[in-house]
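S.K.: The whole structure should be built from the sequences, with the hints applied where relevant.
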Amino acid sequence: MRHLIDFGDLTRQEWDELYARASSIMDDPSRYIDACRGRVMASLFYEPSTRTNFSFQTAMLRLGGTVFGFADPNSSSVAKGETLKDTVKMVSGYADVVVMRTPWEGAAKAASLYSHVPVVNAGDGGHMHPTQTTADLTTITRLLGKVDGLSVGLCGDLKNGRTVHSLVKALAKFEDIRFFLISPRELAIPDYMRTFMLEKDMRFTEVTGLEAVIPQLDVLYMTRIQRERFVDPLEYERNKGIYILTRRKLERAKERMLVMHPLPRVDEITVDVDDDPRAAYFEQARYGMFARMSLLADLANQPRLDRTETVEIGTRPVCRNPRCITQTEHYLPPLVKKNGGVDCCAFCDGALS
Amino acid sequence: MRHLIDFGDLTRQEWDELYARASSIMDDPSRYIDACRGRVMASLFYEPSTRTNFSFQTAMLRLGGTVFGFADPNSSSVAKGETLKDTVKMVSGYADVVVMRTPWEGAAKAASLYSHVPVVNAGDGGHMHPTQTTADLTTITRLLGKVDGLSVGLCGDLKNGRTVHSLVKALAKFEDIRFFLISPRELAIPDYMRTFMLEKDMRFTEVTGLEAVIPQLDVLYMTRIQRERFVDPLEYERNKGIYILTRRKLERAKERMLVMHPLPRVDEITVDVDDDPRAAYFEQARYGMFARMSLLADLANQPRLDRTETVEIGTRPVCRNPRCITQTEHYLPPLVKKNGGVDCCAFCDGALS
Amino acid sequence: MRHLIDFGDLTRQEWDELYARASSIMDDPSRYIDACRGRVMASLFYEPSTRTNFSFQTAMLRLGGTVFGFADPNSSSVAKGETLKDTVKMVSGYADVVVMRTPWEGAAKAASLYSHVPVVNAGDGGHMHPTQTTADLTTITRLLGKVDGLSVGLCGDLKNGRTVHSLVKALAKFEDIRFFLISPRELAIPDYMRTFMLEKDMRFTEVTGLEAVIPQLDVLYMTRIQRERFVDPLEYERNKGIYILTRRKLERAKERMLVMHPLPRVDEITVDVDDDPRAAYFEQARYGMFARMSLLADLANQPRLDRTETVEIGTRPVCRNPRCITQTEHYLPPLVKKNGGVDCCAFCDGALS
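Protein chains in written order, with the working numbering: chain A, 1 to 353; chain B, 1001 to 1353; chain C, 2001 to 2353.
It should be emphasised that the hints constitute simulated quantities derived from the structure, not laboratory data. Just so it is clear, the structure is predicted and the values come from calculations on it, not from any experiment. Treat the hints with care, since some could be wrong.
Covered stretches of chain A, as calculated for chain B (at least 3 residues, CB under 8 Å) [unchecked claim]: (1) 56-70; (2) 248-259; (3) 264-273; (4) 278-290.
Okay, derived cross-link-like pairs now, BS3-like style, lysine-lysine, Cα gap no bigger than 30 Å in a straight line [as the list claims (entries may be wrong)]: (5) C:Lys2085 x B:Lys1249; (6) A:Lys169 x A:Lys200; (7) A:Lys85 x C:Lys2240; (8) C:Lys2173 x C:Lys2200; (9) C:Lys2085 x A:Lys85; (10) C:Lys2173 x C:Lys2338; (11) A:Lys146 x A:Lys254; (12) A:Lys85 x A:Lys200; (13) A:Lys337 x A:Lys173; (14) A:Lys254 x B:Lys1337; (15) C:Lys2085 x C:Lys2249; (16) B:Lys1337 x B:Lys1085; (17) B:Lys1085 x A:Lys249; (18) C:Lys2169 x B:Lys1254; (19) C:Lys2254 x C:Lys2159; (20) C:Lys2169 x C:Lys2146; (21) B:Lys1240 x B:Lys1254; (22) B:Lys1337 x B:Lys1200; (23) C:Lys2249 x C:Lys2159; (24) B:Lys1085 x A:Lys240; (25) A:Lys338 x A:Lys169; (26) C:Lys2085 x C:Lys2200; (27) A:Lys85 x C:Lys2200; (28) B:Lys1146 x B:Lys1254; (29) C:Lys2159 x C:Lys2337; (30) B:Lys1240 x C:Lys2085; (31) B:Lys1159 x B:Lys1173.
Each residue gets a CB set at the ideal place from its N, CA and C atoms; glycine is no exception.
M.R.: This is the structure in structure tokens:
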């Protein structure tokens, strides 16, 4: 693996190696204190994401590496006078690895075409956020000993949740997962995800209530429901209580079930749950740091390419997704890939016709 | 000492050890170049304070440690989507020590309840700023060889100055201090501080002029008088010259007197004083860095607590101080402490009745 | 050399040493991995300049040093409550070297008067940007093996370009340079630069077209032409194409000619030039980092002065340049120097009468 743009870039074996190293780091962090000594990470956050930013920074620092970059849109406006290509050319001349967060879908993929060093996607709009998935899988594997064979409840807004979709896709690499999809009907998982699960022979049950299924779960993955997602605000008010996890609802859960959440939470998990031994969401953030350490220990030590490959020069976007990076960076090549037989934009994965 | 929230948390012996290590660092900084190797400091500045921020950062860097965090309210707005508790849980999963500056009184105390690692208060509103006090005492001890037995002039706005109140309280740990309190009557030291000094058998003399007492001082601690503090702006204009230190006023001071100032200054010390050997305010900033190095060399190396103690969950504030952290973070426990026999909020020290 | 304020501060021998070390770093960066271990750089950017900022930061980090400071005007507003002198006194108490970027001409020179550690000018308004020049000369020397005897084309806005003026002055230290000055008449090189070249016996030819002279060049240094610089916008529209470098125009250039640009570019070099082996502008940014490494390896390791020299206290500016630092910092001394027999402000180089 040269870049991490999409969790799907990893084979199961690459994931197993990544986790094994993360686990080794957790067992004895002092062994890795110089793993990135002399290496420099660029951290380009074109939109703020304090948590992800802190996690990547501390991951690199704990490996003995160093960090530069920007953390918010105001600072990044500075770099907006030039194309993404030119920024990447500059930054990859200074850095050994580039971590990018952007509001534009496909931006990390675009950057990887021109970069002299590995690129990590730290979130590109609503598209991908692969290191959130590595954090989630690291948490489950570390705390439950395995991923295969688990019953996983996904609760909340399953329609819009990038985190949830990524996790479902990632779990397709494992054996014998059973999903409980817990959401209001308005926010049920999209059809293409349902198709994906069917194609992969993954078992899933869709329900609208949390309490009935909680006893069956090994993992309960909570996400936030935003009022704005509802057509009818009254509908939101009537329903929100169902999807709030409380200490009382936890009573019927398995003793070793994990409560997970990508954070930040608003009120979807009450404060009294925090002290329950099943609450894993704060550790999950810490495991995310270890997972990123494992990733950076590999990528930041890869050799720099003095010359990158020549890339075809585009003239206008072939993709119609208005949030796709190709809409603004017209020199990008007109790359197409097949997703399940359908022609899609190779940057944002949007269907082309 | 696990956290430094209030200088009063330190016993005289703990202070002596802290100073001894600061002194040893100044004598030979190269011995401490790896004292925090592999350790990471979180620097959370919910309000800007360039000087304090730089001092903490360089302290950590000079110990071989590293730093991440945010420096201004815009960046921190990012973290405002969640409770202080959740932010602390996340950050103390990434860091080995947390340094916090906030506009809310009691915030550092609140953070310490939930943190897996030590918390340092870098200023919580008008409440406490203990590392300013460690900087002040380090400067005096280093340059005059001792603190016991000194005559200390405090000049300027003694009513509102947090720095001055902290210093007075800290000096209660020492023997035989004599204060000269130099201020306009409108900005005299508050009654509760006068009560404090009487209870501690500290000698003090209140005067309205600087020139008459300057020959008696070993330390002259200058602070700023802000025009806004005066009910009558004309009164400000008539008086301000009295409290400005000039080279001429210095003529009658002792040869080894120290001129101190927490900085930044506006015009309360004229530029021609800077070259006088008694001017210690720039070195004071540098001594502050060494004092913080001494503090961090201890705190950043303390073991992480994987599980923090369970904290009672509050429902609404018992404290009526509108600037107290309990006003916005309602889950905080209703902790009460006694200050001189009076029930006070354990976060902001405000009296409860 | 104690400070680097102006490239003219360097003798030819000092430059040769600086380049030799830069070259040695490029040959084997691992030898320099601890060259600034334990050293701390202050990076004070009173105006944003992402590229220069990143270059200095990564230079210091790659030497094993560390960095603190601010990156944009909002953060720096914090430090604006005090004089430049007080900021420099504070910061040089914390740091081993201070890198400064300001919109005020002469600010770095002013800072150097009060600093306990070396100061590097990272750009002071339209005045000087000496490390851009070290980047340019390092690129030429590394890629062409020498600077003496080259034919150098300067193309674009030669009237306002600080980069270009600095480069011309720097090349006066070398032998047998021949310039081709390629610009619209409205944006021709200023008279005082023409006088400078004549005094130094430098050969130059002024032309308005790029294509005719391109075959003669060893270096083509492109700069941006801003529409706002033209009195008549139509004139801009008619002319701009002449000064855009395309793959087609490159056809007649020497095989080893270098295309350089200080970046960021807008459209003055078309994207299809990027893959031509003569395109050196992205490497130029990387060479700038190595040149800054060479500089910092020297300056950050110089001894700290505990006492700085006493500086005369000024009362009002003698210089009339409204962008000069003496306009706002009135305590600065009334320093005068001779530039070619003319009395000039020692801060901003503005003529005094």
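S.K.: Hint by hint, say whether it matches the structure.
M.R.: Quick rundown of the hints versus the structure:
1. 56-70: holds (count 7)
2. 248-259: violated (count 0)
3. 264-273: holds (count 5)
4. 278-290: Three-residue rule met by the segment 278-290 of chain A, so holds; n is 5.
5. C:Lys2085 x B:Lys1249: holds (23 Å)
6. A:Lys169 x A:Lys200: Between Lys169 of chain A and Lys200 of chain A the Cα gap is close to 9 Å, so the pair holds against 30 Å.
7. A:Lys85 x C:Lys2240: The given pair, whose Cα atoms are some 23 Å apart, holds under the 30 Å limit.
8. C:Lys2173 x C:Lys2200: holds (9 Å)
9. C:Lys2085 x A:Lys85: violated (40 Å)
10. C:Lys2173 x C:Lys2338: holds (19 Å)
11. A:Lys146 x A:Lys254: Roughly 16 Å between the alpha carbons, so the hint for Lys146 of chain A and Lys254 of chain A holds.
12. A:Lys85 x A:Lys200: Violated, at roughly 37 Å.
13. A:Lys337 x A:Lys173: holds (21 Å)
14. A:Lys254 x B:Lys1337: Given that 30 Å is the threshold and the Cα spacing comes to 40 Å, the pair is violated.
15. C:Lys2085 x C:Lys2249: With a Cα-Cα distance of about 51 Å, the restraint between Lys2085 of chain C and Lys2249 of chain C is violated, given a limit of 30 Å.
16. B:Lys1337 x B:Lys1085: holds (21 Å)
17. B:Lys1085 x A:Lys249: Between Lys1085 of chain B and Lys249 of chain A the Cα gap is close to 23 Å, so the pair holds against 30 Å.
18. C:Lys2169 x B:Lys1254: violated (53 Å)
19. C:Lys2254 x C:Lys2159: Distance ~27 Å between Lys2254 of chain C and Lys2159 of chain C Cα, so the pair holds.
20. C:Lys2169 x C:Lys2146: holds (17 Å)
21. B:Lys1240 x B:Lys1254: Holds, because 24 Å separates the two Cα atoms, which is no more than 30 Å.
22. B:Lys1337 x B:Lys1200: holds (20 Å)
23. C:Lys2249 x C:Lys2159: holds (24 Å)
24. B:Lys1085 x A:Lys240: Holds, because 23 Å separates the two Cα atoms, which is no more than 30 Å.
25. A:Lys338 x A:Lys169: holds (16 Å)
26. C:Lys2085 x C:Lys2200: violated (37 Å)
27. A:Lys85 x C:Lys2200: violated (40 Å)
28. B:Lys1146 x B:Lys1254: holds (16 Å)
29. C:Lys2159 x C:Lys2337: holds (24 Å)
30. B:Lys1240 x C:Lys2085: Holds, at about 23 Å.
31. B:Lys1159 x B:Lys1173: holds (22 Å)
Hint check: violations occur at hints 2, 9, 12, 14, 15, 18, 26, 27; the rest are consistent with the structure.
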